[in-house]
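J.: Residues per chain are reported as follows:
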Amino acid sequence: MDAMPAPVRHADPMVPRPFRITRVIREIDGVFTWRLAAVDGAPFDFRPGQFNMVTQFGVGEIPVSISGDCRRPETLVHTIRAVGPVTEAMQGLRAGAIVGIRGPFGRPWPIDAAIGSDVIFVTSTIGLAPLRPLILEVLHRRQDFGKVVICYGTRGIHDIMFEEDLHAWRARFDTNVHLTVHSAPSGYRGRVGGVAAAIHAARIDGPATVAFVCRSEALTRQAVNTLGERGVTPDRVWVTLERNMKCGIGLCGHCQFGPSFMCKDGPVYRFDEIEALYSVREF
Amino acid sequence: MQHVGAEPPDPPALRHTADRSRRIALDQCAAAPNADASRMPPAPALLTRDGLDALLAALHADGFRVLGPTVQDGAIIYDDVVRVADLPVGWTDRQDGGSYRLERRDDTAVFGHTVGPYAWKRFLHPPLLRLWRAEPGADGVEIATDAHAAQPMAFLGVRACELQAIAIQDKVFLHGPFVDPHYKARRQGLFIVAVNCGQAGGTCFCASMQAGPKAEAGFDLALTELADGFLVEAGTARGAVLLDRLPHRPASEEEQQQAAAIVAATAAQMGRHIPDAAALPALLLGNLDHPRWDAVAQRCLSCGNCTQVCPTCFCTNVTDTTDLTGATDRTRRWDSCFAVDFSYIHGGAVRPAPRSRYRQWMTHKLASWVAQFGTSGCTGCGRCVTWCPVGIDITEEVAAIRAAPAPAAAAPAAPQSPP
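Respectively, the protein sequence lines represent chains A and B.
Under my numbering, the first residue of the first sequence carries the number 1, and numbering increases by one thereafter.
Under my numbering, the first residue of the second sequence carries the number 1, and numbering increases by one thereafter.
These are computed hints drawn from the structure, not numbers from a lab.
Among the clues, some could well be false.
Below, a sample of chain B positions facing chain A; criterion: calculated Cβ distance under 10 Å [stated by the list, open to error]:
no.	residue
1	H60
2	Y344
3	G347
For each residue, glycine too, the CB sits at the ideal point set by N, CA and C.
Just need the whole structure built from these sequences, with the hints factored in.
T.: In structure tokens, the structure reads:
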């Protein structure tokens with residue numbers, strides 16, 4: 001098993017590094033992917049699940065998960081949904097534009113926790129972006145794992161992201177992809193329904209399965225419950241959460257979640273460790 | 001401005017070297033007190049009031065920017081001081097929940113007051129700071145940072161609770177996985193003259209938080225004001241060296257007893273307490289749905305005063321501003337968890353209700369802080385009580401939850417501290 005490259009740390013963690021957008025890909029309505037290269041040419045090493053603070057100069061800075069392949073550190077990939085002033089401005093940038101990158105930050109997905117087990121990925125719509133580096137890494141080290149199942153749900157047939165990847169993964173004999181949409185026009189021949197149904201359909205050995213979940217905070221609980229019905233207990237379910245972040249290094253205080261700073265102690269958590277606080281309203 | 005980022009390799013390399021030399025200097029500084037402990041004066045000394053002027057002059061002569069308490073705008077404000085006359089001679093303060101007044105004393109005590117709205121964090125972790133400036137350049141963008149101020153600072157009149165606050169912020173900014181280079185640069189070489197409190201303020205509760213009123217560690221020199229001078233203890237070798245240059249004589253046994261009695265009387269004067277602070281993490285995190293949070297939210301204005309006067313609150317926000325040349329400045333400023341926007345993520349705030357925001361502040365300060373940094377975030381300075389416009393009292397809020405905690409079975413277990 002060859003090791004992933006280790007992330008490096010810079011002198012002043014609040015100063016961004018300039019990166020050039022080399023390609024803009026329109027994914028679905030309001031979602032776009034950037035391929036980026038460091039202006040100084042240095043590779044960008046990260047672990048699946050980590051994120052960057054991304055600056056559009058003159059507009060602002062936001063946290064964005066990394067959605068590229070950690071085995072290809074020469075290309076940094078970010079997939080962004082335009083939902084606020086910064087991301088909407090970012091949607092207007094074209095190839096050649098310079099943006100600032102600070103990172104990588106955060107606790108990565110614990111891929112080693114799944115070695116020898118079946119692996120199930122549960123996600124929906126843009127949640128596939130933070131999971132994509134992990135899926136690529138698991139498939140890269142495919143022989144280390146049992147069955148690999150990807151349960152991916154979207155609202156409609158036009159909200160399916162990374163379709164090329166989904167086709168490629170589905171084409172593999174060693175990977176199951178359960179793609180489901182909530183609603184579809186008549187004549188659609190794929191699966192229609194919630195992600196829960198896809199989890200129920202997954203061919204996994206529940207008690208010997210590790211789950212990686214990336215959904216909205218409200219729907220994470222539903223995924224955990226459904227996984228529980230399949231015998232995947234919360235101590236083998238890894239989830240990501242989301243909070244406001246301004247620094248990425250645990251110093252600005254915004255992302256606190258009880259005793260943890262989501263930017264450095266998260267955003268990936270084992271569900272049983274956070275279940276109590278997750279259940280407290282507005283905490 | 002130092003150029004970093006898009007620059008060719010040379011300037012960053014220079015910056016690295018500079019960083020390393022600073023770090024070494026800081027390490028030596030930290031190691032000094034232990035290494036030279038044997039050279040410390042065996043007994044405390046007595047400094048006259050003229051001696052205090054000499055202390056100020058010596059600090060200035062050594063190149064320090066000397067900061068100490070002054071009277072400004074009807075409050076004790078930390079600012080530049082040159083001579084003893086700049087200090088609040090003959091002033092005291094009367095404090096209670098939501099109330100602060102300066103009053104004349106009937107003597108000429110120099111440190112006969114307690115803490116005001118300012119905390120030393122203002123100088124180590126400034127309220128407003130430019131993090132960097134980005135300008136359009138040949139290679140797209142050039143990013144530069146401001147040089148750190150070269151002049152070291154000396155704090156005069158640091159109370160025991162404030163020494164504790166500085167120690168707490170050291171843990172936040174210097175001893176985590178990431179170091180704040182701005183705090184580190186300001187902290188480096190800092191000379192601290194502590195003062196043991198001769199009286200308790202109306203909202204003080206440092207004794208119950210084990211943070212005072214006597215300065216135990218973290219100072220170069222510590223003063224106790226007596227009727228005819230100051231009892232001085234050296235806490236570090238460089239403190240002892242400075243004391244040697246000042247006109248002083250050994251303190252008598254009687255003067256040492258007087259000083260001890262003053263500190264003991266101060267501790268006994270305190271009207272507020274948070275007993276058994278070590279039990280607070282389990283108590284508060286086990287009562288996150290206690291009805292008291294609703295009660296306090298009825299009074300809390302979410303103004304954030306408590307977070308601005310708190311000597312340990314460290315939260316910040318960043319703002320980007322542009323000018324007509326196309327340059328961007330990123331500025332860091334103090335933020336408050338009482339602001340709705342503080343927890344904003346797409347779709348809305350995580351803590352829209354004042355109840356959730358007060359709960360976040362208090363559980364962080366007294367409970368989560370312990371898991372994060374191995375210490376409570378509260379020093380018992382009482383500022384949050386004094387400067388709350390409606391007089392919400394953290395000691396009273398703790399007591400109310402303690403008096404009627406949720407049944408143990410219903411309480412969610414306090415989560416494990418992060419790795």
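J.: Answer holds if the nearest beta-carbon of chain A is closer than 10 Å to that of Y344/B; otherwise answer violated.
T.: holds, 5 Å
J.: Take the shortest C-beta to C-beta distance between H60/B and chain A; is it under 10 Å?
T.: This hint is violated: H60/B lies away from chain A, its Cβ roughly 31 Å from the closest one there, beyond 10 Å.
J.: Holds or violated: the hint that G347/B contacts chain A, with Cβ atoms closer than 10 Å.
T.: Holds, because the Cβ-Cβ distance from G347/B to chain A comes to roughly 8 Å (cut-off 10 Å).
In summary, the one numbered hint that this structure violates is 1.
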